[in-house]
Amino acid sequence: MELNAKIPPGPLKDKWSFYKDHAKLVNPANRKKMDIIVVGTGLAGSAAAASLAEMGYNVKSFCFQDSARRAHSVAAQGGVNAAKNYKNDGDSVYRMFYDTIKGGDFRSREANVYRLAECSAQLIDQAVAQGVPFGREYGGYLNNRSFGGVQVSRTFYARGQTGQQLLLGSYQALMRQVAAKTIKLYTRHEMLDLVVIDGKARGIIVRNLDTGEIERHSAHAVILATGGFGKIYYLSTLAMGCNASAIWRAHKKGALMACPSWTQVHPTSLPQSGDYQSKLTLMSESLRNDGRIWVPLKSSENRKPNDIPEAERDYYLERRYPAFGNLAPRDISSRAAKERIDAGFGVGPQRNAVYLDFSKAIKEQGKGRIKEKYGNLFDMYRKITATDAYVEPMMISPAAHFSMGGLWIDYELMTTIPGLFALGEANFADHGANRLGANSLLQACVDGYFIAPYTVSNYLAGEIKSERLPTDHQAFVDAEVQVRAYLGKLLAINGNKTADYYHKTLGKLLYDYCGLSRSKDGLIHAITEIKKLREDFYSDLKVPGGEDEMNGELEKAGRIGDYLEVADLMCQDALTREESCGAHFREEYQTPEGEALRNDEKFCFVSAWKWQGEGQEELLIPEPLQFENVELAVRSYK
Amino acid sequence: MKLYLKIWRQSDAASEGKLVDYELDNVIPHMSFLEMMDTLNEQLILKGDRPVEFDHDCREGICGQCGMMINGQAHGPIANLTTCQLHMREFKDGDTIYVEPFRAVAFPIKRDLRVDRSAFDRIIMAGGFVSVNTGQAPEANGIPITHEQAESAFDSAACIGCGACVATCKNSSAALFTSAKISHLAKLPQGKMESRKRVQSMVKQMDDENFGHCSNTEACEVECPQQISVLNIARMNWEYSISSVLKK
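Here the protein sequences line up with chains Z and U, keeping their order. Start counting the first sequence at 1; every next residue gets the next number (our numbering). Start counting the second sequence at 1001; every next residue gets the next number (our numbering).
If you anchor each label on the Cβ, the simulated ranges turn out as follows:
{"#": "1", "chain 1": "Z", "residue 1": "V477", "chain 2": "U", "residue 2": "S1215", "range": "51 to 57 angstroms"}
{"#": "2", "chain 1": "U", "residue 1": "P1138", "chain 2": "Z", "residue 2": "A180", "range": "18 to 24 angstroms"}
{"#": "3", "chain 1": "Z", "residue 1": "N88", "chain 2": "U", "residue 2": "L1024", "range": "55 to 61 angstroms"}
{"#": "4", "chain 1": "U", "residue 1": "V1020", "chain 2": "Z", "residue 2": "K363", "range": "51 to 57 angstroms"}
{"#": "5", "chain 1": "Z", "residue 1": "S359", "chain 2": "U", "residue 2": "K1092", "range": "31 to 37 angstroms"}
{"#": "6", "chain 1": "Z", "residue 1": "G462", "chain 2": "U", "residue 2": "I1242", "range": "48 to 54 angstroms"}
Taking lysine to aspartate or glutamate pairs in the DMTMM-like style, the calculated list, with each CA pair at most 20 angstroms apart, reads:
{"#": "7", "chain 1": "Z", "residue 1": "K84", "chain 2": "U", "residue 2": "E1139"}
{"#": "8", "chain 1": "Z", "residue 1": "K371", "chain 2": "U", "residue 2": "E1151"}
{"#": "9", "chain 1": "Z", "residue 1": "K556", "chain 2": "U", "residue 2": "E1042"}
{"#": "10", "chain 1": "Z", "residue 1": "K556", "chain 2": "U", "residue 2": "E1053"}
{"#": "11", "chain 1": "Z", "residue 1": "K602", "chain 2": "Z", "residue 2": "E578"}
{"#": "12", "chain 1": "Z", "residue 1": "K367", "chain 2": "U", "residue 2": "E1148"}
{"#": "13", "chain 1": "Z", "residue 1": "K497", "chain 2": "U", "residue 2": "D1049"}
Treat the hints as calculated values from the structure; they're not laboratory data. C-beta: ideal position from N, C-alpha, C; glycine also.
If we strip away everything but chain Z, and leave its shape as in the complex, we get (with noise of 0.2 angstroms):
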């Protein structure tokens, strides 16, 4: 099998253009008679259910929240990336596609990421044009804050809310259309399964979380949006609810996953204080901006943080990294914390934190000025911790955020199954092996907003004269048998562990030997021990109640089911990899001053992974990539 991920002729700046120049299209009356299922109500599968539905299709959507509107794209805190240079500080769009190709440690593809840079700016007049309130200069004009890893200002905000003021946008635009009934949603319901037929996406099965009922819906065209998997590591900053199971059905039925082992760990969230914890909290990058990173200069420091003397600090960011600080990206900001945790210099009652210290801007710049920056987070972090970061430096520590893995597309957010689409951080694609800041809320509205209607409308033209099809259809029937026997086979293992307990050991495994960095011998060892864990987890689970009605354990073993498999091919994903990129380290692969060593030679290219059956090992096919207008550098933050 080979991929084409069908990249447009031309010069970079132009292949967009030239795709939507030749795109194909539906006649507005044909529209009407198509139908579109959204799986997914965040950033974007809101954005495209929406914009979908006021071109006139008629969209199903789908999400498991109670309402459209909690989606977790609303916990995004900081930004939104544009390449508007507002502040004349020499940005363009090839600047932001320089940053976001080097970001990624030269592991994506050219020409989406320079899509993604072309639609920033459009997509803040959309976010405006719906009533988001935008951070604002006095003289009126929309403000910016810097994010790591860039030397310009390019971040547009919501104070700390972000992602729920752009969600709230989005999820406005897709209520509008419920209203105009163009769009159909379904909240609490969740896809449990594809149905492919003649090689094509044609619907999905879904639960009714509220009762229990399985459904048949199909479509002309299927769009997952389902969002990211990095809650597989169980403590995460992702909402208890996130999952893989619908990219993860979707592959099973055919469609390819890329770089699954690819998980941004991010560095500023609170640390874990107890077994029982349930999530980590992200507190932004922004603050950042003015946040100062420090430990103690000397391991295993009583003494409190305000009490150690400026000499006694080792600012090793601003040391390590002198051009970038503390405003260096990720992966090597998270990386650069594990390093002195790990050797002794963590602070906090676990050792396993380091602090954020806003002292010498509240000194400079004043307390009210920081308050109206962060005033949201400094209140977060005192309801969770009851401490004032106004006068104690916070205490931070790196967490599992964000899949840059996902299902493999093509340059139309088409996956390899004809008709399926994946939108959001459900897709792999712009940010390579790691995401830069701000660009994720970006890449879920670019792709709802502006590429799919194009995308998913010349798919579509190739389908105006396939008819709705009856959901008595042999594939949907055996689709649903095979749901229905998956949930009873989880009801009647009755045995003696819960679901959490499977969860908190795979997230222990796969932070110990897949998380911020990975070894051969540590892969193969969590290899064999997720498979124990998943033959015990079919042998002792033991979920109450039944399935015709509201079962949340039985939600929660489904989706654990699910990860454990997703986990086993993480793992043979980081395995393959013989080279570090991004937040990919492997600790063979590493410089003399410990940072991470690319292979450009033998790994310049996205690993696809095709399922091959039940007890099967996946098969790796190779997409290169190739750079035609940036050189491979080496990614310096020095």
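Given chain Z, work out where chain U should sit, using these hints.
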């Protein structure tokens, strides 16, 4: 710490519910309230009982999915906090804690502590948006908006839709929720154009959903995790009056 819990259990919307007693040992002060509930649920599952169903997702106070009445207060004893941000250090060893669902006619109980808040979505559907299609937007800096105006709009837009305002209100009024959206959009030039139509249809939808009237006790603002101001309600009433007069 040891806790004595009295938790509302109800198997579905149609059946009758009741408070059930549970005892929980080894509760750690650093636990969040929901992590305490997780711990209880683990024990219930292993005993062969059904765990307590409760709404939750992001566990960082922004998705608005969690919400319980804790000792009779929406989101518990601390003002301006979601249930997921409440920590057990606010309770003492030996405390008895009552845990009940948000109660309102417009929020029917689905199971245990889970309630149906889709009425909020229908209020937004009635006009809580700017009628702009993808692709129609002009240049973002084309319409300057003062810093104060943007900040004020943000203050209204920050609502997370959790429903604590309704749950705490003696009239089960959704005035704070509805007015926050009306104000957010009316304060910005982008939303101003449709403000008269919007306020009429959103208020009508709020009434149709069986929410009660606002009688200005201001309890909602006290419980609101985002400290949405009751001045939004004043603004809604003003917008409503103006639009009613001008309609005639």
